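S.K.: What follows is each chain in one-letter form.
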Amino acid sequence: MSDARRRLFRIFVRPVLSLVARIFYDPRFLQGRFFEQSLGGWIWVVRGMWSQKLLGMNRHVPWPVDSRNIVLSAANLEFHPDDLNNFQTFGCYFQNRDARIRLGRGTYIAPNVGLITANHDPLDPTRHLPGQDITIGAGCWIGMNSVILPGVELGPRTTVGAGSVVTRSFPSGNCIIAGVPARVIRNLESATSEQIIEVEELE
Amino acid sequence: MSDARRRLFRIFVRPVLSLVARIFYDPRFLQGRFFEQSLGGWIWVVRGMWSQKLLGMNRHVPWPVDSRNIVLSAANLEFHPDDLNNFQTFGCYFQNRDARIRLGRGTYIAPNVGLITANHDPLDPTRHLPGQDITIGAGCWIGMNSVILPGVELGPRTTVGAGSVVTRSFPSGNCIIAGVPARVIRNLESATSEQIIEVEELE
Amino acid sequence: MSDARRRLFRIFVRPVLSLVARIFYDPRFLQGRFFEQSLGGWIWVVRGMWSQKLLGMNRHVPWPVDSRNIVLSAANLEFHPDDLNNFQTFGCYFQNRDARIRLGRGTYIAPNVGLITANHDPLDPTRHLPGQDITIGAGCWIGMNSVILPGVELGPRTTVGAGSVVTRSFPSGNCIIAGVPARVIRNLESATSEQIIEVEELE
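Protein chains in written order, with the working numbering: chain C, 9 to 211; chain H, 9 to 211; chain W, 9 to 211.
Hints may be right or wrong, so weigh each one.
[As the list claims (entries may be wrong)] So the derived list for chain H, only partly shown, Cβ under 7 Å to chain C, looks like this:
{"hint": "1", "residue": "Y116"}
{"hint": "2", "residue": "A146"}
{"hint": "3", "residue": "G147"}
{"hint": "4", "residue": "W149"}
{"hint": "5", "residue": "M152"}
{"hint": "6", "residue": "N153"}
{"hint": "7", "residue": "T167"}
{"hint": "8", "residue": "A170"}
{"hint": "9", "residue": "G171"}
{"hint": "10", "residue": "G187"}
{"hint": "11", "residue": "P189"}
{"hint": "12", "residue": "V192"}
{"hint": "13", "residue": "I193"}
{"hint": "14", "residue": "N195"}
{"hint": "15", "residue": "L196"}
[Stated by the list, open to error] Going by beta-carbon spacing under 8 Å, a handful of chain H positions derived as facing chain C:
{"hint": "16", "residue": "L47"}
{"hint": "17", "residue": "I51"}
{"hint": "18", "residue": "T97"}
{"hint": "19", "residue": "F98"}
{"hint": "20", "residue": "G99"}
{"hint": "21", "residue": "N120"}
{"hint": "22", "residue": "P164"}
{"hint": "23", "residue": "R165"}
{"hint": "24", "residue": "V188"}
These aren't lab readings, by the way, just hints derived from the structure by calculation. Remember, it's a predicted structure, so these values are computed and weren't measured experimentally. Cβ coordinates follow ideal geometry from the N, Cα and C atoms, glycine included.
Excised from the complex, chain C in its bound form:
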């Protein structure tokens, strides 16, 4: 987008869009880097008004959520508006009707990731076992096609490898976990980015 069009957007389009968006969304979520530094947030707002408010997918959620994801409970989800990107890819399931999901600031969630706070009862799958909170620290990265199970706590700067199933907590953080079930495959304590690249190339 050219500078002139960008200025046009800022002066004329954004104020109108902002007014309309506040009818459908909680203003607390209409701020942060995606609304001030880029247009991304406003595109999500327009798309969300169509899919959430008109088609009814994630209708109850007071922030933009792409229709290819499911958020069960807005009240049971904690995150910073700068991390709204985590609701805009696809295939993610925030299953938090019975317990809270807390996402630390600057945490990235890849597509097709499940955060599951309550299992079905294996003895009677029509009901759920009691929910258990999921807490993800700041600066984590949850790889594509991973699932985080009830009660899991991941400390800050935890990387979850693609396709992992995280069945227990890793509260100290600063590590890479991977596998089914997930185990620590590397501690980050004293590592530099260059060393991590080297290791990944060796493997």
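Given chain C's structure and the hints, the job is docking chains H and W onto it.
M.R.: Leaving out everything else, chains H and W in the frame of chain C:
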């Protein structure tokens, strides 16, 4: 929804919707708990008429299927209308062109699950190997991001852990299986719900 | 579709559709088996004009991509137009902003597959590690819910089992790999289709 609006829906909206729905869907699938005890089924019908009949995703399927899933063959799928919920989340692939998928009553299928009755031929991926039926018993739960491979039979009350790949049958049921490939991690024969919760917390 | 309607489509509808499609898509991708031998390609074109050009999902991509997938960079993706089917299911993530993805001719990609050329930096997930090309040979098959990691090269006729995470290269091809992480579970060198079926039934 208030009682008054609910009554209004029952008297005026539902009969009209029911008549229209019968143009597009087989009436056998427009009954059961989602149509009698809740409005859920009617919401799926309205959404499905848009995505299936207008946009053409799963157009051939005579029951409501959310556009984020793929059902290859309606004729090769057996399930009870009370379990229509299994077609309303996202990411599920019912690959049953060459063989049947049977879902036992009260079985729950999580998002991003594949039920694959025919593999591509590794020697010539343009063609498929012969299809093999998949049979899931009653009261099972298939966890998120799992895949069930051709020929698999799961007995009643089998729980498949998230992220599992089920490569062989577990016909006796009453167990929790998990992993890549899936193995039995617990038998349910003599377990109570409380014991299962305990075990899950220990692991 | 009857022969008469097919002829009608060929004489009247296709030329008009072809003209309109060329406004939105690169003609190089509007050819091959899906446009000449079937109507499939034209259905993808109509759907794509709605989801890509109007709703803006994968807007920048000059070939039809179903809205349930994400292609980050069209310039960094190499494939044959006869394999356009690989962009029409759901849940696939072609993460190739920083490096190239090459798909060999006649390769099949199942739903919910990730091809990831650049990891987030575990020490600072706001930035990515340098991208590394992914190269998939001809006649491969990538099973549902699998993820291919940066730098991976798969030789021709590699089958990747469902739910696999491919962390390293298998450049010689002619094998079935599976698991988290993926390992060779069978070489195809001297196998016949019948032998493969037998082995799969035994397992």
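S.K.: Each hint needs a verdict: does it hold in this structure or not?
M.R.: How the hints compare with the structure:
1. Among the interface hints, the one on Y116(H) holds; its C-beta lies about 5 Å from the nearest C-beta in chain C, closer than the 7 Å criterion.
2. The beta carbon of A146(H) is not positioned within 7 Å of any beta carbon in chain C (closest approach about 10 Å), and the interface hint is therefore violated.
3. Checking G147(H) against chain C by beta carbon gives a least distance of about 6 Å; that is within 7 Å, so the hint holds.
4. The interface hint given for W149(H) holds, since its Cβ lies 4 Å from the closest Cβ of chain C, which is under the 7 Å cut-off.
5. A cut of 7 Å between beta carbons decides the hint on M152(H): the least distance to chain C is about 4 Å, and the hint holds.
6. Against a cut-off of 7 Å between C-beta atoms, the interface hint on N153(H) holds, since the closest Cβ of chain C lies about 6 Å away.
7. For T167(H), the interface hint holds, since its Cβ comes within 7 Å of a Cβ in chain C; the closest pair sits about 4 Å apart.
8. The criterion of a C-beta within 7 Å of any C-beta in chain C is met by A170(H), whose closest approach is roughly 4 Å, and the hint holds.
9. Against a cut-off of 7 Å between C-beta atoms, the interface hint on G171(H) holds, since the closest Cβ of chain C lies about 4 Å away.
10. Interface hint status for G187(H): upheld, as the beta-carbon distance to the closest one in chain C is roughly 6 Å, under 7 Å.
11. The beta carbon of P189(H) is not positioned within 7 Å of any beta carbon in chain C (closest approach about 10 Å), and the interface hint is therefore violated.
12. A hinted interface residue such as V192(H) counts as satisfied when its beta carbon comes closer than 7 Å to some beta carbon of chain C; here the least separation is about 12 Å, so the hint is violated.
13. A distance limit of 7 Å between C-beta atoms decides the matter here; for I193(H) the minimum to chain C is near 10 Å, and the interface restraint is violated.
14. Given hint, N195(H) at the interface with chain C, is violated; its Cβ is 10 Å from that chain's nearest Cβ, farther than 7 Å.
15. Given hint, L196(H) at the interface with chain C, holds; its Cβ is 6 Å from that chain's nearest Cβ, closer than 7 Å.
16. The interface hint given for L47(H) is broken, as the beta carbon of that residue sits about 11 Å from the closest beta carbon of chain C, more than 8 Å.
17. A hinted interface residue such as I51(H) counts as satisfied when its beta carbon comes closer than 8 Å to some beta carbon of chain C; here the least separation is about 7 Å, so the hint holds.
18. Taking 8 Å as the C-beta contact cut-off toward chain C, the hint placing T97(H) at the interface holds, the least distance being around 7 Å.
19. The closest approach between the C-beta of F98(H) and any C-beta of chain C is roughly 6 Å, which is under the 8 Å cut-off, so the hint is satisfied.
20. At about 5 Å, the closest approach between the beta carbon of G99(H) and any beta carbon in chain C falls short of 8 Å, and the interface hint on this residue holds.
21. Hint status for N120(H) relative to chain C: holds, with the closest Cβ pair at about 6 Å, below 8 Å.
22. Of the supplied interface hints, the one on P164(H) is violated, with its beta-carbon coming no nearer than about 11 Å to a beta-carbon of chain C, more than 8 Å.
23. The criterion of a C-beta within 8 Å of any C-beta in chain C is met by R165(H), whose closest approach is roughly 7 Å, and the hint holds.
24. Checking V188(H) against chain C by beta carbon gives a least distance of about 5 Å; that is within 8 Å, so the hint holds.
The structure fails hints 2, 11, 12, 13, 14, 16 and 22 (numbered hints given earlier, in ascending order).
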